[in-house]
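Protein sequences, first through last, are from chains A and B.
One point on numbering: in the numbering used here, the residue at position 258 of the first sequence is 258, and numbering is uninterrupted.
One point on numbering: in the numbering used here, the residue at position 181 of the second sequence is 181, and numbering is uninterrupted.
Keep in mind the hints are simulated off the structure, nothing from the lab.
Don't take every hint at face value.
[To be verified] Here are the simulated distance ranges between beta carbons: (1) B/Gln299 - A/Asn356: 54 to 64 Å; (2) A/Asp384 - B/Ser160: 55 to 65 Å; (3) B/Thr303 - A/Ala295: 53 to 63 Å; (4) B/Thr193 - A/Val155: 20 to 30 Å; (5) B/Asp334 - A/Gly156: 45 to 55 Å; (6) B/Glu127 - A/Val155: 27 to 37 Å; (7) A/Asn247 - B/Asp322: 31 to 41 Å.
[Unchecked claim] Chain A is faced by these chain B residues, among others (derived, beta-carbon under 7 Å): (8) Asn113; (9) Val117; (10) Leu138; (11) Pro139; (12) Ser140; (13) Phe142; (14) Asp365; (15) Val367.
Owing to the predicted nature of the structure, the values given are computational and were not obtained by experimental measurement.
Heads up, the beta-carbon is just placed ideally off N, CA and C, and yes, glycines get one too.
For reference, the chains in residue letters:
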Amino acid sequence: MKKKHLLLAGLLTIGMFSSCNKDKEDDTTTPEIQIETPEYYEFSRDGSSTISFSGQTDRLNMGEELLGQLTDFSQSSENLLEMYANQTATGEDANPFADADLNESTKSIKSKVAASADFFSANTTESAEIKATIGSWIEAQVNEVFPNENELAAVGVAGQIADGSSVRYVNTKGLEYNQAVAKSLIGALVVDQISNNYLSPAVLDAGDNRVNNDAAIVEEGKSYTTMEHKWDEAYGYLFGKSTDATNPLMTLGEDSFLNKYLQRVNEDPDFAGMASDIFEAFKYGRAAIVAGDYAVRNEQAEIIKEKLAEVIAIRSIYYLQQAKVAIAANDMGGAFHDLSEGFGFVYSLRFARKSNSTDAYFTRAEVDGFMDQLTTGNGFWDLDASTLDAISDSIANKFDFTVAQAAE
Amino acid sequence: MKLTNSLRSLSICMLLGLFLVSCGEKDESSSTETDNFDRTQMLTDWADIIIIPAYQTYTTNLDALNSSYSNFEANPNETNLEALRLSYFNAYRSWQKVSMFEIGKAEEIGLRNFTNVYPTDSDKIEENIATQVYNLDLPSNFVTQGFPALDYLLYGAADSDEAIVLLLQNTNYAQYVSDLLSRLTALSKEVLTDWETNYRTTFIENGGSSATASVDKMVNDFLFYYEKYLRAGKIGIPAGVFSGNTLPDAVEAPYSATNSKVLFDEGFEAVRDFFVGKSFYSEEKGSSLSDYLAYVASQNESTNLANSIETQWTLVTSKVNDLSANLNEQVITDNSKMLAVYDELQKAVVLMKVDMMQALNIQVDYVDADGD
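Isolated chain A, as found in the complex:
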């Protein structure tokens, strides 16, 4: 409740200030704001860096551990769910991680799943459903797939299937739950937090953020203003595991989440420059915050939102189309692996933000429709090229690229 009041107060303040700003502008002799964009993502105040996103790095690390353990057949669903929530089922403190720092952390993956200000602050029903859906896949991995560790997968039978010389473990419909979890978190955690939360004016401009940022009033005991920090938290979800986060494009692909798939998209000549466009927008937008130019900040935020939506859409189509090729070659194991990754990316479409809009590119109903098409009947065992093409077309139709461009 208290938060809401603050937010309301903040909006009122902005309303009042906007007229003041105008007066101010008229008085100012040099209305041009100088934005100094650095070469690398480096910002400082009085000699200390103002950049911090350790909470984001923690959550990415939690995600990495969870993914690693999802195919450890000695794991219990209890422990895996504790890794998801970083607490017990009853809300007690838990120590599920091998990395002690993560156990100490107050952060968790689950609390930030489908938890953005723009999409879910007044839609806690759907937020709870999404959190539960991802949790249910984690549980099903233990309850449905683990018992069939040494069975051959078949129609309606969970178990092993060969993908080349690798082994995949699938449910009765051919889905790898671990892939579903991994790729869904790219949308439900990473992109939702970046595009629908930290880059949202509702968050960047909450409370006295603008006033404080204009006056360079930093958070208590910190070197950054709240607005600077919010922007950096968005940055941290994409580059929080980079060896050198000030220059992350040199080593793109260093996590199992969005960073990795940004690299994959960036490698496709049809989308060359995607990573650099996003990095430059992050830098320029951050520099605009330092300069107090919120129009430029918002423009850059919209660029990032658009590009990240494209990354998810491109990878969704990519995997569905790769699966089509594998099915044609009668390589079911290869097809199921592609489809499992594609399934998670399609689930992530729900969080892909349309730029300059309050909406996602895809509604809940549209995404649910795709999921139904993928899993109806015997699921992946029954899928044919026409269904995969139809879903691919529906996705590509909303963007400026073609299925063919995304497919390879």
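Starting from the known structure of chain A, fit chain B onto it as the hints suggest.
The following block gives chain B in isolation, referenced to the frame of chain A:
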């Protein structure tokens, strides 16, 4: 060159279209671009003078391996261990001659995955042996069977030959070796029998030009073998091409690593022989990809791509000659020689995967896995 050719046929059709109302139908038949090369003859030669003889030799050598093992079981000593190892190596060499033919029954049962996935998982092999609970049909047991597992058991499971002779007399170990040999034998015979009784006809009769036609499938299998198993598996992966750091233990047969280069040589020879249609038994040559490319070149009055590919392979050979017989040691002492071989092998991938496939109008039917 193919572009100009298809442009030419397109413009002819467009001209015809001006005069003929029913050009649409004609257009379709010409757009499949069926040439007059005798694909059936090529398929027949592939089956009769290369593939079936190669499988016959492979199964014969597996029979010999089984007898060597029976001898060893009857008289377990170091002399018989050496004989057993020799039979194992002969069988492994002849496997290299059939590995690329992952088509028909071999494809259906996944022969290559059950025969030669390496590096093998010695811990899991030991676990299987200790628990005596294992299902060799499972994909998770690709890494505990076939030649790589035998390599471990016959060379690496104990510190000395004497100790290996002792170890293999242990009932559980003996049972495991016997299970691996029976499985290799049964799978190879299943494939050979199918070729001899059934698949030869299917293979030859499917002589058309489409994604599922025998020529298109076989050429894809050939290319896939060359790219993934010969270039990457035997050379590129241990040389660290894909990982950044070298992986000397990822060579084929690391426990008897002095054999590893020969295994490459056999595979490379199989590739070259298949390409030029050389008979498995003699210097006789049948109809081949090389002939097909020469035919296409003469039709288009273009350069014969077969010459470029074969020239490239002589460059591979000159680099292979610099390698030690022990590829594990080669990676450790001077990996640059491995990389040099890789680079020459790679140049032929480009010639085949792009130029050859285009010249023969065959679609590549496999994709590069993105590695996750």
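Status of each hint after checking the structure:
1. B/Gln299 - A/Asn356: 54 to 64 Å: holds (56 Å)
2. A/Asp384 - B/Ser160: 55 to 65 Å: Cβ of A/Asp384 to Cβ of B/Ser160: about 58 Å, so the range 55 to 65 Å holds.
3. B/Thr303 - A/Ala295: 53 to 63 Å: For B/Thr303 and A/Ala295 the Cβ distance comes to about 60 Å; the hint holds.
4. B/Thr193 - A/Val155: 20 to 30 Å: holds (28 Å)
5. B/Asp334 - A/Gly156: 45 to 55 Å: holds (54 Å)
6. B/Glu127 - A/Val155: 27 to 37 Å: Given a distance of about 30 Å, which is inside 27 to 37 Å, the answer is holds.
7. A/Asn247 - B/Asp322: 31 to 41 Å: About 40 Å separates the Cβ atoms of A/Asn247 and B/Asp322, which means 31 to 41 Å holds.
8. Asn113: Because about 5 Å separates B/Asn113 from the closest Cβ in chain A, which is inside the 7 Å limit, the hint holds.
9. Val117: This interface hint holds because 5 Å falls under the 7 Å limit.
10. Leu138: Interface hint status for B/Leu138: holds (6 Å vs cutoff 7 Å).
11. Pro139: holds (4 Å)
12. Ser140: holds (5 Å)
13. Phe142: holds (5 Å)
14. Asp365: holds (5 Å)
15. Val367: holds (6 Å)
Checked against the numbered hints listed earlier, the structure breaks none of them; every hint is satisfied.
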